[in-house]
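Input sequences plus hints: build the corresponding full structure.
In case you want the letters, here they are:
Protein chains: 2
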Amino acid sequence: MPELAALDAALTARLREILPPAAFRDDTTPYTEELRGSYRGQAGLVVAPGSAQEVAQVLALANDARVPVVPYGGGTGLVAGQVMPEGPAPLVLSLERMTRIRQILPEENVITVDAGVPVEAIQQAAAEHDRLFPLSFGAQGTARIGGSLSTNAGGANVLRYGTTRELCLGLEVALPDGRVMNTLTRLRKDNTGYDLRDLMIGAEGTLGVITGAAMKLFARPTRRATALLVTPSPAAALKLLSLARVHAGEQITAFELISGMGLRFIEATLPDIRRPFDPAPEWMVLIEFGLFGEADAEALMEELFAAAFEAELVSDGIIAQSEAQADGLWQLREAIPEANRAIGAISSHDISLPLSALPEFIDEGRARLAEMGPYRLNCFGHLGDGNLHYNVFPPEGEARADHLAAKAPVMEMIHDLVAGYGGSFSAEHGVGRLKVADLERYGDPVKLELMRGIKRLFDPNGIMNPGAVLRAES
Amino acid sequence: MPELAALDAALTARLREILPPAAFRDDTTPYTEELRGSYRGQAGLVVAPGSAQEVAQVLALANDARVPVVPYGGGTGLVAGQVMPEGPAPLVLSLERMTRIRQILPEENVITVDAGVPVEAIQQAAAEHDRLFPLSFGAQGTARIGGSLSTNAGGANVLRYGTTRELCLGLEVALPDGRVMNTLTRLRKDNTGYDLRDLMIGAEGTLGVITGAAMKLFARPTRRATALLVTPSPAAALKLLSLARVHAGEQITAFELISGMGLRFIEATLPDIRRPFDPAPEWMVLIEFGLFGEADAEALMEELFAAAFEAELVSDGIIAQSEAQADGLWQLREAIPEANRAIGAISSHDISLPLSALPEFIDEGRARLAEMGPYRLNCFGHLGDGNLHYNVFPPEGEARADHLAAKAPVMEMIHDLVAGYGGSFSAEHGVGRLKVADLERYGDPVKLELMRGIKRLFDPNGIMNPGAVLRAES
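From first to last, the protein sequence lines are chains A and B. So for the first sequence, my numbering puts the first residue at 1; every next one is plus one. So for the second sequence, my numbering puts the first residue at 1001; every next one is plus one.
Note that these hints are calculated values from the structure, not bench results. Here a beta-carbon is modelled for each residue, glycine too, at the ideal position from N, C-alpha and C. Some hints could be false.
Only part of the chain B face toward chain A is listed, based on derived beta-carbon distances under 10 Å [as the list claims (entries may be wrong)]: (1) M1200; (2) F1218; (3) V1246; (4) A1357; (5) E1449; (6) R1456.
As structure tokens, then:
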């Protein structure tokens, strides 16, 4: 593979020939900062092309000059896929000027958008047409759909509607050789050749740049019921999920695990957030149904509560009696990451497990962690998807800074344990640069070798987001 | 690319060393026959390995000898992906001995199976545990899950549950170089590298052989309501679908278009099938809800009927009052392909269109066809997915044999028209050998070039199902 070169005056001059002045960003600093502050990227230049063709032209010029390109969406990624700290100074390619909603077809339940449209703007456009775009996560106001596709973002509604991958019908992709793959169809069924759409989704900008997408919309549930139920254990919570499916089928919109530690962290750092239950129970589930027509969602939730109480799967609970109460329960769930940041984790993990292995994993993880020290554990998240955010904190009264040395062994213990149970070290955040070594350690070696081959096929000069997902080859 | 060689005595001898006698099939004839009789395949030898490792060993031997391999599931494919009529005599690799259900986890809604398990056997295993495996189509008793994955089979429940692709969690795949890619996870969320699972799904055995799969199960709806509604036009039918979503959300299990011609064909060829409505209305929709718990499905259907009648989207209809009546409506729908075969189509098409383009396509297609001759058209199928089976028949009293010359121009007209509306020439059957030229004509050229690169990467000697999906290179 040819060696990569730093962005230089010659390439900058060529870019100024093909792009309008509005495409150039004077201040490159924001594009080199990463949310968690673990990485500091570089940017020889930041350009924001205005169309798929311009993106393709930029890639072709960079490719000819062997200059690395870092595609940049909203910059909210959590695994440093959007910042390149090492190697020659890259060209940062921002999608921020591609924010057009190309077409919305509510009767067809489809919206076609530029890759730079923020996730929340798609939600809003859908809502204006009485439709639901279900992709939803904390950073949705800033995150763009192109980045969400490139990382196959998850979030709160995956249980019912799937990850970003499942929400996508078609893609337009600019390739490093300057071509545009136009597979921006709106078809629900199309069996004509290899699935390159799903290959680009989750590739984290290492194969090409997603420039446009056709995404699914849904009818908006008209009735919701939200409850916070106290459950004796994660195992009971999973039985509760099975029982809920008997009552509500696939109309369960959320099934989120909350731990007592999460509530205690909120108490300590966000005292204004209203907490139910005192003292905090060890395990709770936030469950939400979204129903249609004249269905009585609250009655259905009460029915589930009664059946679950009878089966000793729940011991207490709050069924929201108003929209405001429902919002309050969600506010509690959404405060957990904020409280976690205020406490300061030694190590954070976005892991997934086969559902039936979850309870045993949680028990064993807790025991192993206790052997390593008196750490606090806040384990919460999308239980219905088998996706836990599993974060380890210093003992009470101590600071993260005093336990930096524990980070690596804690992470290794947890990821080894996850792998042993057939789980994943990255459920919804992706690999980025943070987890390249994890992928090498835990990934199937045959799959990895095939991935390297695909990378060489799509990007023979290795200019696309070098060092993300796969170690940069030289 | 090295030239392919016919299967010879040396390879047969090597295969006899590694496989037990039970793996060899004396009668190769059934493996060379294709359902529609348009192709006659070849088989130098038919082997049925018993494990992923054996499949991989067989592939490695064939690869070393440059002998083509045709993977064989249930043999029910409709596009000749399972029969190789040209080139050196291939080794047919049948999955028929790999029929083990490896694990079923009803609490987790997962079943893990060998690739040779028939689709119906998975349905039955799920039902025994009070779960639903929703993949369902005419050939389900014979079709195997490996073939269904390789062709991304669709069927009757796609509207609600997705195609085979969406039902798959993880895969085990034997590659032509003798390696096995083990990505047989049961995870709902796993963002660790390129999506090779979806690359193998729908690749029609041209990249490797799927040997095992983890598939999703669902809670079984407890209440169903089935209705056959008379609608004035396909445009009204699509509005009916939107309205149905307002009432029932994603709980619509089926939304099938039936035409008056379909009923007249049944009358002519299957007089014992009970037909409602006389004379046959021009357009009908078979709609089914699957609900949970104590929901009153029939009342919901009546509510939809009343609202749709009010909106002039339906003019008449039958809401099944018993399971037997519901089954009778489905029997009618399922008799259409049989009646079509009895009449004998000049040309059959498995097409899909963007939903909002469907009504105009149907009108224009009918007008264009009328210009070509007094042909009869039976247009029916999975309207909710935008997937029509669009079949052209000779004028009444004439036979297909008298109109063979019309097949090519009719097909070209229809596929051109589909492409013009942004549709697909293969919604759910795949490309196989039948539609290779269509893919070349209508596929995005950049995608095609990338597909060829991927084929060379996975299968450098071109032994895997040569001539399927992509023209064999030499």
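Structure versus earlier hints, numbers of those that do not hold, lowest first: none
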